[in-house]
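Student: Spelled out from the first residue to the last, the chains are:
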Amino acid sequence: MSDRMIEVADLRISFSSAEVVKGVAFEVARGETFGIVGESGSGKSTVLRAMSGLNESWDGRILFNGEAVPKRRSREFFRKVQMVFQDPFGSLHPRQTIDRILSEILLVNRIGEIDRRINKALSDVALPQTARFRYPHQLSGGQRQRVAIARALIAEPKVLLLDEPTSALDVSVQAEVLNLLADLREEHGLTYVMVSHNLAVISHLCARVGVMQNGLMVEQTSVEDLRAGNVSHPHTQELRRLSVELEDVPAEPSSVSQAKPGA
Amino acid sequence: MLTTFRTWALDDTPTSRRQAAWGRRYRIWLALRRNPLAMIGLVIVVFFGGLAILAPLLAPWDPAAQDLAHRLARPSAAHWLGTDELGRDILSRILYGGRVTLGMVISIVIVVAPVGLVVGCVAGYFGGWIDTVLMRVTDVFLSFPRLILALALVAALHPGVESAIVAIALTAWPPYARIARAETLTVRSSDFIAACRLAGASPRRVVFRHIMPLCVPSVIVRVTLDMSSIIITAASLGFLGMGAQPPSPEWGAMLAIAKRFMLQEWWVALSPAMAILLVSLAFNFLGDGLRDVLDPKQN
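So the protein lines, in turn, are chains A and B. FYI, the numbering for the first sequence is 1 to 263, going by the UniProt record's numbering. FYI, the numbering for the second sequence is 1 to 299, going by the UniProt record's numbering.
It should be emphasised that the hints constitute simulated quantities derived from the structure, not laboratory data. Misleading hints may appear alongside valid ones.
Which residues of chain B face chain A? A partial, calculated answer using Cβ under 8 Å [claimed, not checked]:
hint, residue
1, Thr13
2, Pro14
3, Phe192
4, Asp292
In this text, a Cβ means the ideal position worked out from N, Cα and C, and glycines have one as well.
With the hints as extra help, turn the sequences into a complete structure.
Tutor: Next comes the structure, spelled out in structure tokens:
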């Protein structure tokens with residue numbers, strides 16, 4: 001918690017005439033995981049895409065490691081900041097083998113030792129070496145998401161942007177992937193920003209949470225306060241109430257909350 | 001040998017990219033083999049291709065040798081398909097004509113498919129004014145009837161095989177550009193393309209290495225289905241005297257000359273007509289089969 005890895009200030013994003021992100025600001029310390037929750041359409045994924053460099057039309061300031069990034073990112077930027085997408089079925093090229101998918105960033109950036117790095121990336125995410133020359137359609141959803149995480153990690157970035165990394169997965173696989181992400185964070189000293197609409201997922205991984213509604217970050221709080229119900233904004237209270245109600249339904253126990261004792 | 005390849009290609013855990021790629025290709029071939037019509041088409045296409053390549057070995061007569069004493073002879077042991085108005089052996093002319101007609105078609109496709117692919121992918125990926133300019137040019141070419149534009153171009157150049165190839169190529173690429181563009185639009189905003197951009201890949205690399213391979217299957221299918229219409233356009237140009245020039249044996253030109261004695265000496269017209277029909281039909285069957293196995297939505 002010593003220094004700031006990410007700083008976002010007065011971030012505004014408009015699509016045609018509608019402003020979907022209206023001045024969002026937050027900071028993330030090195031090694032911390034910051035969660036962004038909100039309903040669909042609250043602008044949380046849009047914030048992430050602007051931070052990743054996919055969306056180049058935004059206003060405000062985004063700083064990584066103390067440096068303000070330009071709208072059009074350099075190649076070096078992508079070595080430091082990578083993203084994991086929501087849908088593992090749509091984020092892997094359907095005609096490329098896992099090997100080809102993983103080597104793309106290494107080829108583009110002329111990073112050597114491709115063989116060794118791919119093997120290491122696969123073992124980092126606990127995928128068998130036999131998966132290396134398979135096509136995405138030959139893998140399960142959880143395995144695909146592991147490939148997507150391996151791809152994001154292979155160039156040894158400092159920051160990982162996670163766009164609902166578990167919401168397209170089976171509940172039983174969600175916990176696995178979340179635990180994997182937590183392990184990788186320790187191992188590689190990564191900083192995460194994770195977007196989700198699921199408070200259980202967020203509280204499993206994040207220390208601090210920002211709540212978004214209608215393009216505004218209405219409240220920032222720690223996960224402990226969130227669990228304790230120690231929140232001030234009505235939207236946060238509502239999200240919390242909804243998530244507690246969902247978890248209390250006995251017929252559908254969320255394995256994510258089971259995986260986290262005391263959640 | 002074949003079984004070794006089979007087990008190697010179908011291995012569930014390939015150990016190299018090459019093996020994985022061949023595995024995919026082999027599975028597509030296995031799927032295609034289950035489609036009887038496509039296989040009939042493939043056999044006919046290969047058969048005619050083989051005949052054209054081996055024409056000098058197979059042709060019983062010189063295709064240009066005239067024998068005025070035996071003009072318009074009925075099919076016989078000496079001339080299996082009869083002779084034409086100058087006493088030339090029709091079978092030999094069909095065999096050599098395959099070289100001209102199929103050669104034209106293949107050169108057209110080799111020129112046209114990559115051009116259409118590049119134009120479509122670039123227009124679709126970059127959008128904006130690049131898209132507008134490229135697609136309006138495409139529209140201009142699309143709005144002319146293919147044969148008429150080809151005729152005008154050939155007339156402006158000079159009648160002959162080369163001009164016919166240029167003319168048909170110029171009029172045949174727009175549909176491929178359209179298809180490639182449509183295909184590109186469906187994948188350009190997908191997450192896997194976003195991931196390539198996040199790898200720092202240049203737009204050029206994204207288009208040529210990641211998007212274009214996805215558009216190739218639909219273009220291949222369209223090319224195969226288009227083959228028949230290209231053959232017919234090539235033959236029509238020959239028929240109208242704007243394609244291959246006599247004495248070069250081209251199926252369309254042969255048909256054009258034969259129309260004068262179609263009613264009395266029917267065999268003169270029958271053979272080139274059957275050749276055109278069979279090859280066009282075969283390409284259509286093959287294209288249908290390919291569409292079933294290459295459809296990106298299915299695998």
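Student: Give a verdict on every hint.
Tutor: Tested hints:
Contact between threonine 13 of chain B and chain A, as hinted, is supported at the beta carbon level, the nearest pair being about 4 Å apart and thus within 8 Å. A hinted interface residue such as proline 14 of chain B counts as satisfied when its beta carbon comes closer than 8 Å to some beta carbon of chain A; here the least separation is about 4 Å, so the hint holds. Because the smallest distance between the Cβ of phenylalanine 192 of chain B and any Cβ of chain A comes to about 4 Å, under 8 Å, the interface hint for this residue holds. Given the 8 Å rule on beta carbons, the hint for aspartate 292 of chain B is violated: about 18 Å separates it from the nearest Cβ of chain A.
The structure fails hint 4 only (numbered hints given earlier).
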